[in-house]
Each structure stands twice: as C-alpha cells, then as structure tokens.
Amino acid sequence: MDDKTAVAREQQAAELATLLPPVDVIEDATGITLYADLPGVPKDRLSLELDGDTLIIEGQVDMRMPEGMEATHAEVTVPRYRRVFTLSKELDAGRMQAEMKQGVLKLHIQKAEHAKPRRISVAAG
Amino acid sequence: MDYSLFPRDLFGELDRLQRQMQQAFEFSPSIRGFSRGGFPALNIGTTAGSAEIYAFAPGLDPATIEVTLERGVLSISGERKGDAPAWDAKASLHINERFAGRFHRVVTLTDDLDPNSVGASYRDGVLHVSIRRSAQAQPRRINVN
Numbered sequence: 001m002d003d004k005t006a007v008a009r010e011q012q013a014a015e016l017a018t019l020l021p022p023v024d025v026i027e028d029a030t031g032i033t034l035y036a037d038l039p040g041v042p043k044d045r046l047s048l049e050l051d052g053d054t055l056i057i058e059g060q061v062d063m064r065m066p067e068g069m070e071a072t073h074a075e076v077t078v079p080r081y082r083r084v085f086t087l088s089k090e091l092d093a094g095r096m097q098a099e100m101k102q103g104v105l106k107l108h109i110q111k112a113e114h115a116k117p118r119r120i121s122v123a124a125g
Numbered sequence: 001m002d003y004s005l006f007p008r009d010l011f012g013e014l015d016r017l018q019r020q021m022q023q024a025f026e027f028s029p030s031i032r033g034f035s036r037g038g039f040p041a042l043n044i045g046t047t048a049g050s051a052e053i054y055a056f057a058p059g060l061d062p063a064t065i066e067v068t069l070e071r072g073v074l075s076i077s078g079e080r081k082g083d084a085p086a087w088d089a090k091a092s093l094h095i096n097e098r099f100a101g102r103f104h105r106v107v108t109l110t111d112d113l114d115p116n117s118v119g120a121s122y123r124d125g126v127l128h129v130s131i132r133r134s135a136q137a138q139p140r141r142i143n144v145n
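Quick note, the sequences are listed as chains A and B, same order. Residue numbers for the first sequence follow the numbering used here, so the first one is 1 and each next one is one higher. Residue numbers for the second sequence follow the numbering used here, so the first one is 1 and each next one is one higher.
Hints are not guaranteed to be accurate.
[What the hints assert, rightly or not] Listed below are the simulated SDA-like cross-link pairs for lysine to any residue, each with C-alpha atoms no more than 25 Å apart in a straight line:
1) Lys111(A) x Gln97(A)
2) Lys81(B) x Val61(A)
3) Lys89(A) x His94(B)
Calculated from the structure, these hints are not laboratory results.
Take these sequences, add in the hints, and give me the full structure.
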C-alpha cells in the first residue's frame with residue numbers, strides 16, 4: 001500500500017467516525033423506552049431509521065461557533081453520533097413514538113398486542 | 001511502546017495496558033486525563049476577544065445549572081436526574097449507561113478574562129459559556145510614526 005492510499009483511507013475513516021451515544025433502555029408491560037444522550041443535535045438533524053428489525057439512530061452535531069475560533073481543548077472530537085439496535089419480534093416497530101428534548105432522545109416502542117403480559121387464571125379442579 | 005520499570009507488577013502492567021489501549025483509540029488524549037467518565041464533556045476554544053466553553057450536558061433544566069467564574073477559574077455544576085424506574089415499578093432496566101447524579105467540572109482559564117462580561121446559553125443540551133477578554137488584554141495594533 002503506498003502513501004496516497006493510506007492517507008485516503010485515513011481520511012475516509014475520519015469521515016465515517018462516529019460517537020457512540022450512551023443509552024438507557026427500560027422495559028415495562030407496555031413496551032420499551034430508550035433514552036439516548038445526543039448533546040448538540042437539533043431535532044432536524046436526528047435520523048431514526050428502521051430497516052427490518054434493525055433500528056439505526058444517527059445524529060449530526062450542529063452548533064453555532066464564533067467566527068475564527070481556535071479549539072484549545074476538545075473532548076468531543078467527532079460531530080456525529082450513531083448507534084444500532086436489533087429489535088426483538090414482540091415489539092411493534094410500526095408504533096414508535098420519538099421525542100427530542102434538550103439533546104435527549106426518548107423513544108418508546110410498543111409491544112405487539114399478543115406479546116403483552118396476560119394474567120392466566122387457574123381453575124380449581 | 002514503553003515498558004514498565006517493574007515488569008513483575010501485574011496490576012501495574014494491566015493498568016498500563018489499559019491506558020495504552022485508551023490512548024490508541026482516543027483521537028487526542030488531553031493533559032487533564034481522559035475524557036471518559038467526565039460529565040459533562042468539555043470543548044474549549046478561543047477567539048481574539050473571548051474564550052468559548054461548550055459543555056455537553058443534555059437533558060438539564062437550564063435554571064438548575066450553576067456557572068461561576070472566579071479569578072480565571074470556571075466552575076460548572078448541577079444535577080441530572082436519572083430516568084431509571086423505581087424499584088417497586090413493574091419495569092426492568094436493561095441498559096444503564098447515561099450519567100445520573102451531581103456533577104462538577106472546573107476549568108482553569110487565562111486570567112485576562114473579564115468576569116463582568118460572561119454570557120451563558122443552553123441549546124440542544126449544550127451549555128455555551130462565552131467570556132470576553134478584558135479591554136487591556138485585547139491585541140492592539142501600534143502605529144509606527
């Protein structure tokens with residue numbers, strides 16, 4: 001591999017680099033609630049994609065910075081977030097509710113009717 | 001690759017290995033240590049007339065964030081409530097990665113900043129603090145006669 005392809009590969013890797021946002025996943029009788037921290041991502045730069053049973057969360061950081069600013073210390077070095085989840089069959093992907101508030105995504109996925117917990121009555125014999 | 005002075009110290013070796021791994025994956029390890037574990041993450045920049053601090057602290061009520069500047073030391077603190085369910089609720093927590101609890105981060109800035117002209121705003125979960133440099137510290141062009 002010559003130097004040029006190495007540099008091109010490095011550039012490509014930098015373009016594809018994403019941050020893994022931290023999440024909380026909570027399950028109750030009605031379904032699953034996912035919270036994801038995506039600071040700096042406005043509502044219109046968030047993308048939720050469902051491909052089969054794969055859920056892809058992507059967000060682009062969009063911050064207004066003053067003209068001519070020089071970064072002196074950076075802990076967030078990549079302006080993109082991406083995280084992929086596989087949904088299980090009992091979840092009804094058609095019934096998702098998403099809400100974005102101050103950089104936190106709240107996503108609720110309902111369980112399919114047949115998968116909701118039911119109480120089984122025991123008949124006395 | 002650097003080697004430990006005491007190769008028989010197993011825990012030291014493991015610790016060193018972990019740090020090397022982190023360093024390899026981190027784009028720019030900072031002098032203040034690794035960004036992992038620090039909440040909120042901070043990005044700092046400067047312009048000719050100001051210092052700009054961005055704190056990545058999503059999901060907060062802006063009224064509860066405390067920002068103080070004293071002799072060039074900026075302190076950002078507050079509390080973030082978790083969304084985890086109560087123990088008695090019929091819910092289970094499968095993944096729990098998001099930060100919850102009190103946080104406090106302190107940054108030492110240059111001492112040419114004006115403590116009277118500090119602006120702070122909170123948007124999309126990012127706290128932006130902008131501090132102007134005091135007038136006498138701004139670069140000036142000196143005319144040569």
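Given pair status - His94(B), Lys89(A), alpha carbons within 25 Å: Holds. Lys89(A) to His94(B) sits at ~17 Å (cutoff 25 Å).
Holds or violated: Lys111(A) to Gln97(A), with C-alpha atoms at most 25 Å apart: 12 Å, holds
Proposed proximity, Val61(A) with Lys81(B) (alpha carbon, max 25 Å): Holds, because 23 Å separates the two Cα atoms, which is no more than 25 Å.
Every hint, counting from the list given before, is met by this structure.
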